[in-house]
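The primary structure of each chain is shown beneath.
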Amino acid sequence: MEKILLKNIENPNSADIREYQKTGGYQSISNAFEMQPRDVIEEVKSSGLRGRGGAGFPTAMKWNFANADPKFPKYLVCNADEGEPGTFKDRPILEKNPHLLIEGMVISGYALRAEYGYIYLRGEYPLAKDILDNAIAQAREKNYLGENILGKNVKFELSVYQGAGAYICGEETALIESLEGKKGQPRSKPPFPVNVGAWEMPTIVNNVETLSNVPYIIAIGGEAYSKIGREDCTGPKLYCVSGHVVKPGVYELPMGTNLRDIIYKHAGGIKNNKKLKAVLPGGISTPVLPADRIDCLMDFISMPKHGSMLGSGAVIVMDESVCMVKVAHRALKFFEHESCGKCVPCREGTGWLRQILGRIESGKGKQGDIELLSDITDIMSGRTFCPLGDGAAGVVTGMLRHFRDEFEEHIKSGHCKLSIDN
Amino acid sequence: MFNETVLKEIDGIRAKYPDARSALLPSLYVAQREFGWLSPEAMTCVAKTLNLPEAMVRGTASFYAMFRHNPVGRNVIQLCTNVSCMILGSDRLLDLLKSRFDLEPGETTKDGRFSLVIMECIGACGTAPAMLVNTDFHDNLTEQNLEEIMGKYK
Numbered sequence: 001m002e003k004i005l006l007k008n009i010e011n012p013n014s015a016d017i018r019e020y021q022k023t024g025g026y027q028s029i030s031n032a033f034e035m036q037p038r039d040v041i042e043e044v045k046s047s048g049l050r051g052r053g054g055a056g057f058p059t060a061m062k063w064n065f066a067n068a069d070p071k072f073p074k075y076l077v078c079n080a081d082e083g084e085p086g087t088f089k090d091r092p093i094l095e096k097n098p099h100l101l102i103e104g105m106v107i108s109g110y111a112l113r114a115e116y117g118y119i120y121l122r123g124e125y126p127l128a129k130d131i132l133d134n135a136i137a138q139a140r141e142k143n144y145l146g147e148n149i150l151g152k153n154v155k156f157e158l159s160v161y162q163g164a165g166a167y168i169c170g171e172e173t174a175l176i177e178s179l180e181g182k183k184g185q186p187r188s189k190p191p192f193p194v195n196v197g198a199w200e201m202p203t204i205v206n207n208v209e210t211l212s213n214v215p216y217i218i219a220i221g222g223e224a225y226s227k228i229g230r231e232d233c234t235g236p237k238l239y240c241v242s243g244h245v246v247k248p249g250v251y252e253l254p255m256g257t258n259l260r261d262i263i264y265k266h267a268g269g270i271k272n273n274k275k276l277k278a279v280l281p282g283g284i285s286t287p288v289l290p291a292d293r294i295d296c297l298m299d300f301i302s303m304p305k306h307g308s309m310l311g312s313g314a315v316i317v318m319d320e321s322v323c324m325v326k327v328a329h330r331a332l333k334f335f336e337h338e339s340c341g342k343c344v345p346c347r348e349g350t351g352w353l354r355q356i357l358g359r360i361e362s363g364k365g366k367q368g369d370i371e372l373l374s375d376i377t378d379i380m381s382g383r384t385f386c387p388l389g390d391g392a393a394g395v396v397t398g399m400l401r402h403f404r405d406e407f408e409e410h411i412k413s414g415h416c417k418l419s420i421d422n
Numbered sequence: 001m002f003n004e005t006v007l008k009e010i011d012g013i014r015a016k017y018p019d020a021r022s023a024l025l026p027s028l029y030v031a032q033r034e035f036g037w038l039s040p041e042a043m044t045c046v047a048k049t050l051n052l053p054e055a056m057v058r059g060t061a062s063f064y065a066m067f068r069h070n071p072v073g074r075n076v077i078q079l080c081t082n083v084s085c086m087i088l089g090s091d092r093l094l095d096l097l098k099s100r101f102d103l104e105p106g107e108t109t110k111d112g113r114f115s116l117v118i119m120e121c122i123g124a125c126g127t128a129p130a131m132l133v134n135t136d137f138h139d140n141l142t143e144q145n146l147e148e149i150m151g152k153y154k
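Those protein sequences? They're chains A and B, same order as listed. Here the first sequence is numbered in the working numbering, starting from 1 and rising by one per residue. Here the second sequence is numbered in the working numbering, starting from 1 and rising by one per residue.
With the rest of the complex left out, here is chain A:
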C-alpha cells in the first residue's frame, strides 16, 4: 500500500516545510478552500473515516454535531496525549511529519468554522514539542496559519499545549479539563464536548492520526479513500508493534489487516525462535488474545467479535517466557496510578485488583482470590465514569478467561514456573 501518513519519513528533513511542500504538501488546503465548509465535511463523511484514538467513532458525525451547534467560537483540539501503554503510532507523525497534521487541522478548522486549534501533546514527548513549535512557526511564515490564510479570508491559529503526565487526559473531557488548567478528571456526559467543550464552547477533539488523514481525503476524494481498508472501517491504519518480535515498529497498513500477518509478515515473527504466547492487540487496556486466537482482522468492527478491541492499534507481543500474572499485575499498577480518583468503582477497584494480583504474583495468593478478582471486575464493568475503569476490569477478565490455569498454579504452588528474564 502507498504510504499516506508515514509518507516521506525516511527523509531526514521530512519535518521541514520545504520537504513537505516538495511532495505535494499543503496543496489540499487550497483545494479545500475552493469548497464550501459543509462540502468538506461531506467529503470526510463519504470517506468513512473513523476516529483513530480508540473508539472508532465516525469523524464526520462528530463534526456534524459540532457544526449544528450555533455557538461560536468553536475550538478544534488535537488529542496528541498518546498514553495507552504500547502505543507509539502518533510519534512518527508528530516528530517526522508534523506538517501533515497541521495541514489536516487547518482543513478541519475550515470545515468546522473553528478559528482556534490546540494540540494537546503529552508531556513525555519533549522532542515532538520542539518539532511542532518549529513547524507551526514555519507554517505561519508561509501563511498556512494565521489571520488570513493564503489570502482567502480564513483564520486559524494553532498552538501546542503540553500535558504533564496523566494518562486520563487522553479521555476527551478530561483533556478539556486539563486544557482549562484543571485536574484531568472526566466530565459527565451529556452535554458532549461538541456542544459544551473547552471554555463551554463547541469543541471537536480528534486524534493525531485521524486529523492526519484529512489532507489525503481532500486530495483524492472521500469515495476513492473509502476503497482503502474495509467497507465499514476504511483507510490506512498505523499499527505499532512492540515486545518479542523480530522487527518492532510502526506499520502503515490497510485498516483490517489480519493480526497474524501484522506479527508474522510485517514485524518478522517471534524473535529468538521462541513460541508466541499472547498478544495485547490494542494497548494494555484491550483484553489479551492467546496465540491460537490471532486470526482476526484488526479493525473497530471485527475485534470485538474476537473478544478484544482495536484500541490504538498497539500490538504488544509476548513470547512463552512471559508470566501472565506478572503482566496483569503490572497493568493494574498502571491503572491504579492513573485512575483520576473521581468515581468509586475505578478508584477502589483498580487498587483492590492490583493488591490481589500482587499477592498472587508474590506467591501469597489465597484460595478464592480468583473469584474475588472476578467479583471486583463484575462490579466495575459498565459502572465507571469513563473507559479507564472498564479497561482495567477488561484486562483482568481477559487474562482469567484465557490464562486462568496460570493464576491457579501461582496460588496453588506459591511460585511462578516462568522467569520473566529472557
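Calculated from the structure, these hints are not laboratory results. There may be inaccurate statements among the hints.
Derived pair list, reagent style BS3-like, types lysine-lysine, alpha-carbon separation capped at 30 Å [claimed, not checked]: (1) A:Lys-333 - B:Lys-110; (2) B:Lys-152 - A:Lys-265; (3) B:Lys-16 - A:Lys-155; (4) A:Lys-3 - A:Lys-305; (5) A:Lys-247 - A:Lys-277; (6) B:Lys-152 - A:Lys-364; (7) A:Lys-96 - B:Lys-16; (8) A:Lys-227 - A:Lys-305; (9) A:Lys-155 - A:Lys-71; (10) B:Lys-98 - A:Lys-364; (11) B:Lys-48 - A:Lys-182; (12) B:Lys-48 - A:Lys-152; (13) A:Lys-71 - B:Lys-16; (14) A:Lys-183 - B:Lys-48; (15) B:Lys-8 - A:Lys-142; (16) A:Lys-96 - B:Lys-152.
Label pairs and their computed distance ranges (CB to CB) [as the list claims (entries may be wrong)]: (17) A:Glu-200 - B:Asn-140: 42 to 48 Å; (18) B:Pro-53 - A:Pro-191: 23 to 29 Å; (19) A:Val-344 - B:Ala-55: 22 to 28 Å; (20) A:Phe-65 - B:Asn-140: 43 to 49 Å; (21) A:Pro-126 - B:Ser-99: 46 to 52 Å; (22) B:Lys-16 - A:Ile-301: 37 to 43 Å; (23) B:Asn-70 - A:Asp-232: 31 to 37 Å; (24) A:Gln-36 - B:Ala-15: 27 to 33 Å.
Beta carbons: idealized from backbone N, C-alpha and C, even for Gly.
Put chain B on the given structure of chain A with help from the hints.
Below, chain B without anything else, positioned relative to chain A:
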C-alpha cells in the same frame, strides 16, 4: 517572584487562551524550570502571576505526575517499566541502578547527580526498554549501554 523575562513569557502564554486559568499548566512548567521543582514559593509565584487562588494552583499541580514536589538531582532519569519495557528487561535496569548507583525510584543519588522516576510508558515501545534523561530519549537499553549513557550526564 519571577523576573521580568519570565513574567513576559507567562504573559505570552496567557494570550493564547481565553482565560488565565488555562495558562496554569504551561506556567507551572515555567516555574518548574526556574525553581528546579514546584516549591511552595514557586506555586505562590504562579498563583500571583495568574491571579488564581493558591489552592487551585496546588490542586492542579499535585494531580500531574510530571510536576515535581521535591527537589531533584541535576539529571532526572525517567525509566519506563510498563509492559513493553518490562518484558524486554526494564527490571534488570532497575536492579542495576540500585546496585551500581544506589538509586531507587523516587530518590536522588547522594551526590545530587541523578534522580530516578518510574514512568508509565514514554511511547518508545518499539525500541524498548527506554528512558528519558531530562528531555533526551534513550532506546534499546541494556545493562551495558545504560552505564555508558549515564556517564554522559554529569
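Checklist entry - Any hints this thing doesn't respect? Which numbers, in order? => result 2, 6, 12, 21 and 23
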